[in-house]
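Asker: Listed below, chain by chain, are the residues.
Number of protein chains: 2
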Amino acid sequence: MEIKVLKNIMSVNDQVAAKNREVLRKNHVFTINIMASPGAGKTSTVLQTIKALQGIKVGVIEGDISSTIDAETVAKEGVPVVQINTGGECHLDANMVQNALNNMSLDEINVLMIENVGNLVCPADFKLGENLKVLIASVPEGDDKPYKYPGMFTAVDAIILNKIDLLPYVKFDMASFTKAAKGINGKAEIFPISCTTGEGVTAWAKWLKKNIKNTAK
Amino acid sequence: MEIKVLKNIMSVNDQVAAKNREVLRKNHVFTINIMASPGAGKTSTVLQTIKALQGIKVGVIEGDISSTIDAETVAKEGVPVVQINTGGECHLDANMVQNALNNMSLDEINVLMIENVGNLVCPADFKLGENLKVLIASVPEGDDKPYKYPGMFTAVDAIILNKIDLLPYVKFDMASFTKAAKGINGKAEIFPISCTTGEGVTAWAKWLKKNIKNTAK
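Here the protein sequences line up with chains W and B, keeping their order.
Throughout, the numbering used here is defined as the position within the first sequence, counted from one, plus 1.
Throughout, the numbering used here is defined as the position within the second sequence, counted from one, plus 1.
In short, the hints are calculated from the structure, not lab data.
One thing to keep in mind: the hints can contain errors.
A pair holds if it fits inside one copy or across any two, identical chains being indistinguishable in the list.
[Said to hold, decoys possible] Derived SDA-like pairs (lysine to any residue); straight-line CA-CA distance at most 25 Å:
{"#": "1", "residue 1": "K214", "residue 2": "N132"}
{"#": "2", "residue 1": "K218", "residue 2": "G199"}
{"#": "3", "residue 1": "K180", "residue 2": "S68"}
{"#": "4", "residue 1": "K180", "residue 2": "D108"}
{"#": "5", "residue 1": "K218", "residue 2": "D108"}
{"#": "6", "residue 1": "K77", "residue 2": "K180"}
{"#": "7", "residue 1": "K172", "residue 2": "E73"}
{"#": "8", "residue 1": "K172", "residue 2": "I70"}
{"#": "9", "residue 1": "K183", "residue 2": "T87"}
{"#": "10", "residue 1": "K172", "residue 2": "G201"}
{"#": "11", "residue 1": "K77", "residue 2": "K172"}
{"#": "12", "residue 1": "K5", "residue 2": "H29"}
{"#": "13", "residue 1": "K188", "residue 2": "G89"}
{"#": "14", "residue 1": "K172", "residue 2": "P193"}
{"#": "15", "residue 1": "K188", "residue 2": "S106"}
{"#": "16", "residue 1": "K172", "residue 2": "G199"}
{"#": "17", "residue 1": "K183", "residue 2": "S67"}
{"#": "18", "residue 1": "K172", "residue 2": "S45"}
{"#": "19", "residue 1": "K172", "residue 2": "V202"}
Just so we're clear, the structure is a prediction, and the values are computed from it rather than from any experiment.
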């Protein structure tokens, strides 16, 4: 008797993520899934990036378990934003993002920044339909995080290291962090930035623009 | 026909947690489940607490997805420690702790500090058999965290606010944080501390000693 072996069955999440990707592609929207620990500076980085992407129309999806604090911060800057409250879930999934997309005017934006729930573990496992996965690490968290959260550091296309303005006040060995991150994920570019001083934001935005351009071709 | 309604069925995790609690009680070991974001300073707080609890014998369980960095740091101080690597799981569960307890000399310690995986969401949902749940927040994470992670802030008996030495260098409104935390959890005491300068550690340790004493009665 022949035994059937089923391979490459997409999870329900991956199926919905593929649909999101298609909707976003048709609308020429380049999408970034931004992941980080709580308080690493996701919203500040989103705002700094929007400023640096001058001329490019950006929309934002804010993911939080509870509250609309981040969406209010983004809306104040005149940026179109939808807040997802997961109500306890520790990550965004493709279905939540699908619902958010249905509530956005995709024809009015070129770039979508999705701010995931603050969590360095679970969000790494869920595709949302994004073009790029970006991790924001931050200096006060310490330089050993790549060793402790390898799943997240492996999953991403770029690593932003935020809060470099705090380097004089905390123990953080930049060479050690870079070595650890590169050891786990040799392909991800690392961008040290400070959302407080603006340092490093231009280099990150330049790389992002290049990626947006290449995808649009 | 009578319909049977089953109530108060313990989850498997809660059953194992109850067993852990019983084992720890019999061995007169007071147990603390320490939860926090990645890089909030769990290990530093554990070491500072052990120093402040002078004379009380402490054992440590370190929970991480990967690596033995924290266990090595604790072992260097001559403290008995077992490392749990969850291999991807975003939280410790009672079963993992049961395995760790089987590998410790419980008769040689009075207090067990369990350092959970760095995650402000999932660990709140899993009992381990502890006497106290403690959250370590940290100043660089920002003062809005109680609103964004209400499950964690609700679950705990005490909130340590670490890294107060960084208050001059970041935006953080202490009154706003306290108001938010107290609004969500009026019972949890808040202890502002700095593991770098040692400030506030005595007050936290004093409260902890009182709890240990009351439980021993």
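Asker: Now tell me if each hint is right for this structure.
Answerer: Verification of the hints:
{"no.": "1", "hint": "K214 / N132", "verdict": "within (12 Å within a copy, 55 Å between copies)"}
{"no.": "2", "hint": "K218 / G199", "verdict": "neither (30 Å within a copy, 56 Å between copies)"}
{"no.": "3", "hint": "K180 / S68", "verdict": "between (37 Å within a copy, 15 Å between copies)"}
{"no.": "4", "hint": "K180 / D108", "verdict": "neither (41 Å within a copy, 42 Å between copies)"}
{"no.": "5", "hint": "K218 / D108", "verdict": "within (18 Å within a copy, 67 Å between copies)"}
{"no.": "6", "hint": "K77 / K180", "verdict": "between (39 Å within a copy, 24 Å between copies)"}
{"no.": "7", "hint": "K172 / E73", "verdict": "between (33 Å within a copy, 18 Å between copies)"}
{"no.": "8", "hint": "K172 / I70", "verdict": "between (30 Å within a copy, 16 Å between copies)"}
{"no.": "9", "hint": "K183 / T87", "verdict": "between (32 Å within a copy, 23 Å between copies)"}
{"no.": "10", "hint": "K172 / G201", "verdict": "both (20 Å within a copy, 20 Å between copies)"}
{"no.": "11", "hint": "K77 / K172", "verdict": "between (35 Å within a copy, 19 Å between copies)"}
{"no.": "12", "hint": "K5 / H29", "verdict": "neither (40 Å within a copy, 56 Å between copies)"}
{"no.": "13", "hint": "K188 / G89", "verdict": "between (33 Å within a copy, 21 Å between copies)"}
{"no.": "14", "hint": "K172 / P193", "verdict": "both (16 Å within a copy, 20 Å between copies)"}
{"no.": "15", "hint": "K188 / S106", "verdict": "neither (33 Å within a copy, 44 Å between copies)"}
{"no.": "16", "hint": "K172 / G199", "verdict": "both (22 Å within a copy, 15 Å between copies)"}
{"no.": "17", "hint": "K183 / S67", "verdict": "between (34 Å within a copy, 17 Å between copies)"}
{"no.": "18", "hint": "K172 / S45", "verdict": "both (23 Å within a copy, 12 Å between copies)"}
{"no.": "19", "hint": "K172 / V202", "verdict": "both (23 Å within a copy, 20 Å between copies)"}
The earlier numbered hints that this structure contradicts are 2, 4, 12, 15.
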